[in-house]
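> Listed below, chain by chain, are the residues.
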Amino acid sequence: MLIFEHSKTGRNGAPQSPKQKANVDDIPASFLRKDRAALPEVSEMQAVRHYTQLSQKNFSIDTHFYPLGSCTMKYNPRACNTLAMLPGFLSRHPMAPEAQSQGFLACMYELQSMLSDVTGMAAFSLAPMAGAQGEFAGVAMIEAYHKSRGDDGRKEILVPSAAHGTNPATATMCGFSVREIPTLDNGDVDLEALKVAVGPETAGLMLTNPSTLGVFERQIETIAKVVHEAGGLLYYDGANLNAILGKIRPGDMGFDVIHSNLHKTFSTPHGGGGPGAGAVGVAERLKPFLPLPVVTKEGENYRWLTEKDLPQSIGRLSAFMGNAGVLLRAYIYMRMLGREGMVRVAEFATLNANYMMAEAKRRGFELAIPDRRASHEFIITLKNEARDLHVTAMDFAKRLLDLGYHAPTTYFPLLVPECLLIEPTETEAKEALDGFMDAMQQIREEAEADPDLVKGAPYTLPVKRLDEVRAARQLDLAWKGNEVE
Amino acid sequence: MLIFEHSKTGRNGAPQSPKQKANVDDIPASFLRKDRAALPEVSEMQAVRHYTQLSQKNFSIDTHFYPLGSCTMKYNPRACNTLAMLPGFLSRHPMAPEAQSQGFLACMYELQSMLSDVTGMAAFSLAPMAGAQGEFAGVAMIEAYHKSRGDDGRKEILVPSAAHGTNPATATMCGFSVREIPTLDNGDVDLEALKVAVGPETAGLMLTNPSTLGVFERQIETIAKVVHEAGGLLYYDGANLNAILGKIRPGDMGFDVIHSNLHKTFSTPHGGGGPGAGAVGVAERLKPFLPLPVVTKEGENYRWLTEKDLPQSIGRLSAFMGNAGVLLRAYIYMRMLGREGMVRVAEFATLNANYMMAEAKRRGFELAIPDRRASHEFIITLKNEARDLHVTAMDFAKRLLDLGYHAPTTYFPLLVPECLLIEPTETEAKEALDGFMDAMQQIREEAEADPDLVKGAPYTLPVKRLDEVRAARQLDLAWKGNEVE
Amino acid sequence: MPFIPHTEQEIAEMLQAIGADDISALFEEIPSHLLANELTGVPEGMTEMEISRLMHARAAQHPQSVCFLGAGAYEHHIPAAVWEITTRGEYYSAYTPYQAEASQGTLQLVYEFQSMMTALTGMDVSNASMYDGATALAEAVLMAVRGNRKSKSRKILMPTTVHPTYRKTTRTIVQGQHIELCEVDYDPATGVTSLEAFKEKAGDDITAIVIQQPNFFGNLEAVDEITDWAHENNILVIAVANPLSLAILEAPGNWGSAGVDIACGDGQPLGAPMSAGGPYYGYLCCTQTLVRQMPGRIVGRTLDQDDKEGFVLTLQAREQHIRRSKATSNICTNQGLVVTASTIHMSILGASGLEKAAAACHANTMALVKQLSQIEGVDCAFESNYFHEAVLKINKPAVEVLVALAEKNILGGYDLSEAYPELGSAILVCATEMRTDEEISAYANALAEVCA
Amino acid sequence: MPFIPHTEQEIAEMLQAIGADDISALFEEIPSHLLANELTGVPEGMTEMEISRLMHARAAQHPQSVCFLGAGAYEHHIPAAVWEITTRGEYYSAYTPYQAEASQGTLQLVYEFQSMMTALTGMDVSNASMYDGATALAEAVLMAVRGNRKSKSRKILMPTTVHPTYRKTTRTIVQGQHIELCEVDYDPATGVTSLEAFKEKAGDDITAIVIQQPNFFGNLEAVDEITDWAHENNILVIAVANPLSLAILEAPGNWGSAGVDIACGDGQPLGAPMSAGGPYYGYLCCTQTLVRQMPGRIVGRTLDQDDKEGFVLTLQAREQHIRRSKATSNICTNQGLVVTASTIHMSILGASGLEKAAAACHANTMALVKQLSQIEGVDCAFESNYFHEAVLKINKPAVEVLVALAEKNILGGYDLSEAYPELGSAILVCATEMRTDEEISAYANALAEVCA
Ligand SMILES: Cc1ncc(COP(=O)(O)O)c(C=O)c1O
Ligand SMILES: Cc1ncc(COP(=O)(O)O)c(C=O)c1O
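Protein chains in written order, with the working numbering: chain A, 8 to 492; chain B, 8 to 492; chain C, 1091 to 1542; chain D, 1091 to 1542.
Only chain A is shown next, with the shape it has when bound in the complex (with noise of 0.2 Å):
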């Protein structure tokens, strides 16, 4: 039932607003609304239990194992909600002065410097507003660093076939062509490939390391050398930084521009659908284009910089200062897990995926890189079962929505098919992975002995199996009973 069906006219949450309407007839009538719009009419407490049982109809890591790769569902402290809820940050209007912001602003400067740290960057701008946006932010500034060079001609961003969507988007939308470089079976780039295509018209490289295959690219050095050496430069995705903080830093890498997504490694909710935070590091060359604000220290005192300062910035990516509320989120949980946790994140998280990936294999699963150490996560490819039983790696993935699990991704990467990308994080305990083996185990004897059980789920859910191409062909966006009686 929607929210809307619970309307009656006249309705309302009546301590909710002044008890009167004031009066605006300074405003003439031609400026004004002519009817009411059309939103719900409930109580406040129709209100709050329609969307305390909505809530419940949601899968989440407070209450589900949630494997999904490429997205990092670790726990998120509630220290972090409840810190950065504090009234003193909450009510902080974003144009408050200097003088009165120095609280929160050595937060942020400390977390660029954590960042800058952890990550063997230069400098850090927590502009961005996601992971998408801090990956815009860095291919402009290569854009901008080309161009302050007068190095005009470079006009294509190469970016591996295993690569998010969120970077050959980006470099279209920072108005490059996109190129893309094979994988080669092993999960690591095609060398041979990448020579082929860099050249004068290259702007620069995006990657992942490790790469949305879950594994290590070990060439990375020869990679980045061969980019640099046709005057290209080179960009780390840093969606997923589990498997590595502390172990390796993309700065030493050769990389020159980084985002990091602080709602995945840093542990900032994910709240359905975002907000994220997608801070974006740079090496030394690339310091004047950072996009602003960005904080700086003098002497005692906190200050952003602006346009003043940095003249060359790519400029404003949002209308104040991007995402603070997630940004002191990422900073608590950093401050809480220290140096020594930042490593112990890496090792955990690495050790939980190696693991699961033994389990699978040892429990017949073929794997989609075999021979190799999983980083934070890694892939099962479901084409046997798919061509044997007709059971697809989507109905693997309702199936384990029935037994009490969330899906892993599916069919990314899109070069693997039939596949599940499992990230299980640091944060689960072993009988959560054992549980996921047996519900997969479990699965597939379903699969062999009555596929239509398993292509039939999910059963148990608040809906079955939802018709996306109905949704898709017989557009409904919008209630349309619009008119509230």
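Hints listed in this document are in silico derivations from the structure and should not be mistaken for laboratory results. A hint or two may mislead.
What the hints assert, rightly or not - Estimated spans, in silico, between C-beta atoms of each pair: (1) A:60 - D:1407: 29 to 37 Å; (2) A:60 - B:158: 56 to 64 Å; (3) D:1498 - A:481: 54 to 62 Å; (4) B:411 - D:1318: 48 to 56 Å; (5) C:1498 - A:104: 24 to 32 Å; (6) A:303 - B:105: 41 to 49 Å; (7) C:1460 - D:1103: 42 to 50 Å; (8) C:1407 - B:187: 44 to 52 Å; (9) C:1395 - A:191: 53 to 61 Å.
Computed from a predicted model, the values in this text were never measured in an experiment. Beta carbons: idealized from backbone N, C-alpha and C, even for Gly.
Fit chains B, C and D with the ligands to the given chain A structure using the hints.
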């Protein structure tokens, strides 16, 4: 699965305690614990996940219509919780100096005044921590009053047969013997029987009005006269003021002492069993006996009254001052309602109850007291259904759960066979009331067509009907796998 | 209308179904001369924005002092997760779990709570909570009187080292039932109650004795020998214990050779903020023998129709709603939500976390006592082992000293002069794990100034 | 270990299953000379108690000023219920709803959000959110360029009365795609953009125009005539609107005779606290015609195998994870949780509640403007109709005035001198429904002092 079953030796919520264990070697070993207590050893996430999942197994006001008679399950405004939990209140030590507690004391003082006003009593103490403790305080004051006058022979408390169990239990706890007064079929007290019962032994009469049968006691003035003339005092069990708020005041009816369950009428949450607050109010002559502490105002300052101020007080009822946080919630709620809101509570609670009663009648259910106005609640008796279809009130109750409604109070008051005591409260919308009555009708139809269906309910909850007899016979009150491996 | 969802049209429809002309007709059974006038003591209603402003202002009237005050309520760290989960609507806005099948969340949680409390106290059973530590002690006394069939005296020995308001509350609650509470003095040198003192007061029939460990002064009583002596004399033993101390100190279930009969105390240190005095909760545990004397709710594990495990309220025949005037107590509503918080708190900290927290409290208090007692005019009151709280004698009137400290935003401790005039000017101090070295030094500096 | 549940024994078992000697063996594919040294820029870890102390201290560094500052972020009342429900784990800690059947909570909520935004804006469709108002405008410009098939110029008219950082952000984001953003000046007397000014800049092929209503100064633009003129010239119209204002002001879908093509703005006034600048969210609505140009997530209603209603992400072929370099945008993560809050906020207030809140803001700002403009040296900058925000000229440098007010804990407004030097010393002020008469008078008194 119990939290203990997620436990593994060595696991913990590390950031939640000091990093190192401090030295306690100064304490001789004989005082020290030999074995670590077998508490669960889980990660913070495991605890969060476990208790989040568990919570979803509850019905509650925030998720369901909960017409539990005598319990006043109304909406608990979220602001009451948020504001009562402001750090300035939470971090206040109960024995912080008065000079540093004026904000809190001001709230308590005003709460006392508002309660005095809505009940028509001369003064209030907020000390009692629930209704039953309020009753205790009231009856103890009655005893102290008689004693103070040298009137020592009053050993008996009168209680109508319809009374809530806490009334007789309280009288016993205070050292009185209990005599029951019968109730007439129309819900009124049997006045003739009362007249026979009163005498020099009578310490007082405990009365709920509207009674637990959901009707207003029309002879209240005569009753008061009878009891007072016999030298007894009149106690008002004000667990539920919802139907009389701003309409009629116990003080005006002649009551000498009253407790009010702030966790019912004043909407502090029930919390799955508490905490509550059972503030106790008195007429002038009982003021010297009020339990401590009480807040008073002197000039612009608030302070606690102590034994020195009230040497005849019945004393303390708790280590500090009662359930401060609950009292704050009630205070906030009352201020939001305001004087005009008080009356509305009574009006709409009564409207909802009478509407449901009319609907019940229309749909052919038998009412316990068919020809009276309902107050905030009313009673259906299913004795015909029990006799003809062998489907009991409890069967109806369990089946209601399947249909998404919390069951009304069953088998109370004890006078009415196969009864459901239904209290909708003012915060429920007509749709909820209609939906509930539809469900009742559906169940009766099911009972006619297939009684076993109803007798086997519930089917859709985390467990089927539980064996209470087994629970009492094979006592299992604590997890005995207590040895964490 | 605040919190009322009715539209005009619905009101009309409902009145019509009832057959009433207007809402006031629903109140026609009330004699009209009794109908109330407009309320005068209740102000006009406020919007949430307005009340929010008011409550923020009220809360801001309380200075954020550094707390060295314990005496039964302690400032401990509580993980943020605890109250975020506790205040979920499904816990917060549910009733007592009468309909078991629709309340498995609360019921299982309480069963887990009972299990944790028995683990911590070393007792066989726990109930689902009493109002607070003081009322738990009162009920423990009543239980003991019902439970000790060998004793006729209804006489209880109560050391004065038991928390003063616990003693007062117990007196208030048991006074109607002809129970004699007989106070036992402590040794002025050690601040603990000697076995001799108990023996002196004993006479020939004592129903039960109470021992608080650590006692109100923070001192450690000789619980083993006292327990054994009591049992040898058919006296039941009631322990009062800060449950956090039980992460380090011996569990009452192991005192002496047989353990105590009843253990109780206040659960506040296990996840309840100080919040001006409550809500906290009382825990109450006992031996299997006494289970039917227990007051209050008890949750049991049982099976459903499909033999699946589930949880119900059990032994309800003890309770007021069934047994009425013969019930073990009048308690009905208890402190469920705080128990919820406490259960989550204990789960997250675990025994090792509680142990670390308790040890830190003790170490901080030791550090505090060491620094303060070096001040000229400040001395330890007692020669004994203590845990996490201690008594200091001061050369100036305690009340003045505490006021002077309060002006420096230090809550310096509990003034003992009213409850224990024999101590002269003395205060009870406590430094929990929340106190830093800087705060402890700041207190020492402030006190040195005040005492100079 | 913080947030890591592994016991020693489990680690050993897991390594054995993997066939690795120790954890470091898992990193053996990393060239050893690349392995990082110990981090130096990250301090040691803190317990929750320690970080809590730190964050409380940091938050306390911000004085609680009275806020008359708006300029795109506003202090409004938010019901307590909104964030208590929003931060429930099931919303807070879920991912983007890729597995629809396990995400019906979030999906239905977003569908309801889309419905509410279309109701408020009068548009056909809404997406599930952009990062903020500024980026929503940038994406609207990109949409318009893709969507206006009749125009080849990629030229956009952008009045300078559009929020300055919205304009900057748009420039940053669209600059790579050869789009010309052409600024249109406002009338210095009225502070609004005349139709003439648009016409002057128009030339013969314009792809789209932007209009902000109320504009950055709070003034009301002649949206009807501008919209109609644009449509007559095959120009798409992009509206930027404060969504709270739409409770009172005409919906963009009804501007002129056909309504605008795209409406966007920042959702902050609908339930997001100011929180130092974010997270807020951008809303983005358009006509049915443009739906396939929409960036970002869109939720649609559909049926399951049993023909039961349910919700899914739809039209995914527009998005980066499917269409990659040909996607409508690179956006992936959006501002879901703030949308959750906003949906609950709108449900609780309803249209009438939003209307009252908006009217109160306007009335308060009028009262403020009236009082301030009576001060010697303070004058209204423009002769025009405004809504809820207004510009004042001051006889002293704005920056000094604002600093002086800040010292009295008053955030006096937004200094316009940098973005609009032509205005001289001028500030933009706003008094929301949160401001009381006393606060407004206190501001007037303070300003009178400062300007004296
Ligand atoms: C590898 C990779 N790159 C980029 C992104 C984009 O990040 P965001 O969703 O925060 O825009 C993601 C997240 O989905 C990702 O997994
Ligand atoms: C009529 C009546 N009296 C007394 C009580 C006892 O109140 P409490 O549960 O707060 O002790 C109740 C509550 O159940 C009640 O309904």
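> Does the Cβ distance between residue 411 (chain B) and residue 1318 (chain D) fall inside 48 to 56 Å?
52 Å, holds
> When you take the CB atoms of residue 1407 (chain C) and residue 187 (chain B), is the distance between them in 44 to 52 Å?
19 Å, violated
> Is the gap between the beta carbons of residue 1498 (chain D) and residue 481 (chain A) within 54 to 62 Å?
Since the Cβ atoms of residue 1498 (chain D) and residue 481 (chain A) sit about 60 Å apart, the hinted range of 54 to 62 Å holds.
> Does the Cβ distance between residue 1498 (chain C) and residue 104 (chain A) fall inside 24 to 32 Å?
Check passed, 31 Å falls within 24 to 32 Å.
> May I ask you to test the hint 56 to 64 Å on the CB atoms belonging to residue 60 (chain A) and residue 158 (chain B)?
Check passed, 57 Å falls within 56 to 64 Å.
> Can you let me know if the beta-carbon spacing of residue 60 (chain A) and residue 1407 (chain D) is within 29 to 37 Å?
Given a distance of about 32 Å, which is inside 29 to 37 Å, the answer is holds.
> Measuring from beta carbon to beta carbon, are residue 1460 (chain C) and residue 1103 (chain D) in 42 to 50 Å?
Hint holds: Cβ distance 46 Å, inside 42 to 50 Å.
> Is 41 to 49 Å right for how far apart the beta carbons of residue 303 (chain A) and residue 105 (chain B) are?
Given about 48 Å between the Cβ atoms, the range holds.
> If I claimed the Cβ atoms of residue 1395 (chain C) and residue 191 (chain A) lie 53 to 61 Å apart, would that claim hold in this structure?
Between residue 1395 (chain C) and residue 191 (chain A), where Cβ atoms are some 59 Å apart, the hint holds.
When each numbered hint is compared with the structure, a violation occurs for hint 8 only.
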